Amino acid sequence: MNEWHVSEQLIADFARSPGAIDEVTAASIEQHLTVCGRCQSGLAAAAPEAPIDAIWAEVEDRIDRAGGGVTERLLQRLAVDSAPARLIAATPALRVGTLLAVGVITVAVVWASRAAQVGGAYLALAPVVPTLLVALSFAPGTDPAGECGLATPAFGFGLLMRRALAIELVTLMVLGVGSLLVPISGLDALGWLLPALALSMGTLAGATRWPAPEVAGILIAAWMGALTVVNIVEPGRQVADSAVFAPAGQFVIGLLAAGACVVVARNRPSILQEAGP
Amino acid sequence: MSATVRVRGLRKQFGSTVAVDDLDLDLTVGLTGLLGPNGAGKSTLMRMLATVAAPDEGEISVFGHDPATPAGRLEIRRRLGYQPQEPGFHQQFNCFQFVDYVAILKEWTNRRERHDEVRRVLGLVGLSDVSNRRISRLSGGMRRRLAIAQVLLGDPDLLILDEPTAGLDPEQRLRFRELLGSAAAHATILLSTHQTDDVAALCARVVVILDGRIRFDGSPAELAGMATGRVWMADGRDPQARLAWVGGDGRWRNIGDPPANMVVDAPTIEDGYLVLAGDAGAATRADP
Amino acid sequence: MDLDSASDADLIAAVAAENRGALRVLHERHSPWLVARLRRRCGDADVVAEAVQDTWMAVWRAPRWEGRGEVGAWLWGIAIRRLIGVQRRRNRWVPPVRQPRDDIVVSAEERVLLGVELGDLAGALTALSPELRAVVQATVLDGLTTKEAAVLLGIPRGTVKSRMSRARIEMRGALA
Numbered sequence: 001m002n003e004w005h006v007s008e009q010l011i012a013d014f015a016r017s018p019g020a021i022d023e024v025t026a027a028s029i030e031q032h033l034t035v036c037g038r039c040q041s042g043l044a045a046a047a048p049e050a051p052i053d054a055i056w057a058e059v060e061d062r063i064d065r066a067g068g069g070v071t072e073r074l075l076q077r078l079a080v081d082s083a084p085a086r087l088i089a090a091t092p093a094l095r096v097g098t099l100l101a102v103g104v105i106t107v108a109v110v111w112a113s114r115a116a117q118v119g120g121a122y123l124a125l126a127p128v129v130p131t132l133l134v135a136l137s138f139a140p141g142t143d144p145a146g147e148c149g150l151a152t153p154a155f156g157f158g159l160l161m162r163r164a165l166a167i168e169l170v171t172l173m174v175l176g177v178g179s180l181l182v183p184i185s186g187l188d189a190l191g192w193l194l195p196a197l198a199l200s201m202g203t204l205a206g207a208t209r210w211p212a213p214e215v216a217g218i219l220i221a222a223w224m225g226a227l228t229v230v231n232i233v234e235p236g237r238q239v240a241d242s243a244v245f246a247p248a249g250q251f252v253i254g255l256l257a258a259g260a261c262v263v264v265a266r267n268r269p270s271i272l273q274e275a276g277p
Numbered sequence: 278m279s280a281t282v283r284v285r286g287l288r289k290q291f292g293s294t295v296a297v298d299d300l301d302l303d304l305t306v307g308l309t310g311l312l313g314p315n316g317a318g319k320s321t322l323m324r325m326l327a328t329v330a331a332p333d334e335g336e337i338s339v340f341g342h343d344p345a346t347p348a349g350r351l352e353i354r355r356r357l358g359y360q361p362q363e364p365g366f367h368q369q370f371n372c373f374q375f376v377d378y379v380a381i382l383k384e385w386t387n388r389r390e391r392h393d394e395v396r397r398v399l400g401l402v403g404l405s406d407v408s409n410r411r412i413s414r415l416s417g418g419m420r421r422r423l424a425i426a427q428v429l430l431g432d433p434d435l436l437i438l439d440e441p442t443a444g445l446d447p448e449q450r451l452r453f454r455e456l457l458g459s460a461a462a463h464a465t466i467l468l469s470t471h472q473t474d475d476v477a478a479l480c481a482r483v484v485v486i487l488d489g490r491i492r493f494d495g496s497p498a499e500l501a502g503m504a505t506g507r508v509w510m511a512d513g514r515d516p517q518a519r520l521a522w523v524g525g526d527g528r529w530r531n532i533g534d535p536p537a538n539m540v541v542d543a544p545t546i547e548d549g550y551l552v553l554a555g556d557a558g559a560a561t562r563a564d565p
Numbered sequence: 566m567d568l569d570s571a572s573d574a575d576l577i578a579a580v581a582a583e584n585r586g587a588l589r590v591l592h593e594r595h596s597p598w599l600v601a602r603l604r605r606r607c608g609d610a611d612v613v614a615e616a617v618q619d620t621w622m623a624v625w626r627a628p629r630w631e632g633r634g635e636v637g638a639w640l641w642g643i644a645i646r647r648l649i650g651v652q653r654r655r656n657r658w659v660p661p662v663r664q665p666r667d668d669i670v671v672s673a674e675e676r677v678l679l680g681v682e683l684g685d686l687a688g689a690l691t692a693l694s695p696e697l698r699a700v701v702q703a704t705v706l707d708g709l710t711t712k713e714a715a716v717l718l719g720i721p722r723g724t725v726k727s728r729m730s731r732a733r734i735e736m737r738g739a740l741a
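Chains as they are written, first to last, in our numbering: chain A, 1 to 277; chain B, 278 to 565; chain C, 566 to 741.
Keep in mind the hints are simulated off the structure, nothing from the lab.
Please read these numbers as outputs of a predicted model, since none were measured by experiment.
Among these hints, one or two may not hold up.
[To be verified] For lysine to any residue, the following SDA-like pairs were computed, each having C-alpha atoms within a straight-line distance of at most 25 Å:
id	chain 1	residue 1	chain 2	residue 2
1	C	K712	A	E23
2	C	K712	C	P660
3	C	K712	C	R653
4	C	K712	C	G723
5	C	K712	C	E735
6	C	K726	A	E23
7	C	K712	A	Q31
8	C	K712	C	R663
9	C	K726	C	G642
10	C	K726	A	Q31
11	C	K712	C	T724
12	C	K726	C	G708
Produce the entire structure from the sequences given, and follow the hints as far as they go.
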C-alpha cells in the first residue's frame, strides 16, 4: 500500500461526479483505489448513500429469492410464486424422495405384472399407492415448520387436504405412465383408475371425520376383500377379466368415487380452517 | 385492565396422567412468567392456549374468541406468536427459508413485504449474518433464537414462549430481555422458564404451576416473600433444612423451617420458588 | 469474528461459509468505488447498479479469490465484466457522462504523486486522443479482451483493434 493518499477533496469530487475529472488523473485515482483501503473508505464516506443502500437491498432480495427445494425451484421456473402454491409444495409427500419411491413402486408393480404375465396385478395394486400417500399427508409432524407451523392461520385440515390432492394428482400421472407398460391392451389397462379414485377420495372423505390412516386401512382391506370375493365367485378367471373391471363393476366403482368426491367437495374447509387438534 | 386471555376450569389428561387440572387463569397485557418443574403441566397449558392442543374440559377465551371453533381459532392465530419447546425444524431449511415458510403460513402473501419482515425478525434475534446457514448446522442457542424469530413475525398481540432462554448465552439472554421488554408494552406475553432470574428481571407477575395446578400467582417480590424467615446461612447443612447448598464462600444456604436463634437471610425469588416446589425443585437446582 | 474490522481476505472466507454479514461489509467497503469507477464507463446509473449487484451475487455464489494480488483488483475484474454482461443483456449502450468542471482543480503535486500509479503510462496517455485513450484504458488498465472492450465502448471489434495498433505506435513514440 502506498504511503500517500488521494486528497479528500479530490476523492470526493471523483465520487460525486466521476465524469468531471480529466481522464489521466481519473485513471490514476482508479489504480490507487483498487489497492488502498483508506481511500476506499474515504470515497465511501463522500459518495451518496442511497444508490449504495439500494444495491444492498436488491442483493439481499436476490439471495433470498434463490434457493429452496427442487419442487419450489420448479414452481418458480413455472412463474408460480404465490404463497398458497408454496404451502402445498412444502409437503414432504411432494419431496423428490417420495416421488422417487412412487416411481420405484410403480416400476416394481409393472415388472411383477409382466413377469407373471398377469396384468391384473397392476390393476389390483395400483389403487393402493395413492391411497397410502393420501393417508401419509395427514400424518402428524409432516409439516416442515414442525410445531411452529401448527399455531398459524393457514395450517389446518384444508391445507392438508390440498396437499393430499396434489400428491394424488402426481401419483395418478405416474401410475398412468406405468399402465402403458402393462401387458393389457387398450383402455382395459386403465381399469385401476376408477378404483384408485374411489379409494383415495374415499380416504379423503373419511378423513373429514375419522383419522386418515384408519380410513385408508379399512378401504384398502375392503378393496382386497372385494377382489377375493369376486375371485371365489368366478373361479379360474384372471383378475383383469373379473367383474370388478368389467363395465358394470367399473360403473359401480365410478359411482362410489363420485360420491366420495361430493363428500370431499361439501366438507372442503377453507384453507385457513383446521379440523381440530 | 381487562383480561386478553381467560381460562376457566381447564383440564387435560394423557392416559391416567392429569397434566392440567381444573386451572383458572387470566392474562393481561404485559409479561407473565410461568415457573414450575418439568412435567408440571406448563407446556400442556401453553399448547392449549396456542390452539395446538384441545382441552378435555374447561373454557379458553383469547381476545374474546373461542379456540374450539374454527373461526375463533383462526382469529386467535392471526394475532398469536407461539414458540414451542421442541420446534421440530425441518433440517433442510436454512434460517431464512424456515422463517419465510412460517410467514407464508401466517398469511404474508406479498413476497416483497414478507421477505422484508423475515429479514426484520432475523435481525431482531441477531441471526442476519447466518440467515443462509442450514438449520442442521446451527448451534443450540441459534436454533432457539430462530424459534423466537418466527414468534415476532407481524408483531403479534399474544406471545406464548415455552422456555425461550434455554440454551442462550448470557449476552443473548440480555438481548432477549430487551426484545421482550419492548414487546410487553402492547402485547400479552406468557413465558415459561426454569431461570428464576429471567422472571425476576422481566415479569411483573409470576405464576407457579405444580402438578397441573396453580400454586402461586403474584409479583416476584411476593414469591420471594414465600421464603421469608425460612432461609438461613450456616457453616454446614442444617439437619432441619429441607434444601441446602454450599456457596462459593463455603457457607451453606439452608431452606426450610429454621431452628431457633438462627439469623434468617433475605429470601430471593428462587428461594420462594424452592419453598413452594419443595423437593421437586431440588433435582433441577444448580449452584449459582 | 468482528466483521467490521476483518480483512477483505477473511471476509471472503466468511462469505464462503455463507455469512451474509461478511458480504454486507465487503459491499459497504467496495461498492462505492466500484460504482464511481463503473460510472466513468457507462452513463446509465441503473446499468451500473445492476452490474454491481451482479458482482456481489457472483461473489456470494463463488467466493473464490485465489489469494493472489489485491481483493480490490479481483472485484474490479468481476465488476467490469458484469457491466459488459448487463450492457449486452439490455442491448443498449449509454456513453459515460463527460462534464469537465472548472471547480475541480488537481494540484500539480497531486498530479505528480498520482502519476506514480500509472508510471510512464501517464504521460503517454495524456498525449493520446480521447478515442485512443479509451481503448488503451479498456484493454491495458481494465484488462479486457478486444471483444469485451468493443461492447464496453460501443464500437465494432475491428475499430478496437485498429485504434489499439494506432495507440501502440503513438505511445511507443511517447515512451521512447
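Given the proposed pairing of K712(C) with R653(C), does the C-alpha separation stay at or below 25 Å? Distance of about 12 Å is within 25 Å: holds.
Are the Cα atoms of K726(C) and G708(C) separated by 25 Å or less? Answer holds: K726(C) to G708(C) is near 14 Å, not above 25 Å.
Checking one constraint from the list: CA of K712(C) to CA of P660(C), max 25 Å. Satisfied? holds (17 Å)
Do the alpha carbons of K712(C) and E735(C) lie within 25 Å of each other, as the hint requires? holds (22 Å)
Hinted pair K726(C) and E23(A), Cα distance within 25 Å: Measuring from Cα to Cα gives roughly 21 Å; hence the hint holds.
Given pair status - Q31(A), K712(C), alpha carbons within 25 Å: holds (23 Å)
Holds or violated: K712(C) with G723(C), Cα cutoff 25 Å? Since the Cα atoms of K712(C) and G723(C) sit roughly 9 Å apart, the hinted pair holds (cutoff 25 Å).
Starting from K726(C), check that the Cα of Q31(A) is at most 25 Å away, please. holds (24 Å)
For a C-alpha distance cap of 25 Å, please report whether K712(C) and T724(C) respect it. holds (11 Å)
Holds or violated: K712(C) with E23(A), Cα cutoff 25 Å? Distance of about 22 Å is within 25 Å: holds.
Can the restraint linking K726(C) and G642(C) be considered satisfied, given a maximum Cα separation of 25 Å? Within the cut-off at roughly 21 Å; holds.
Would you mind confirming whether the straight-line C-alpha gap from K712(C) to R663(C) stays at or under 25 Å? holds (24 Å)
Every hint, counting from the list given before, is met by this structure.
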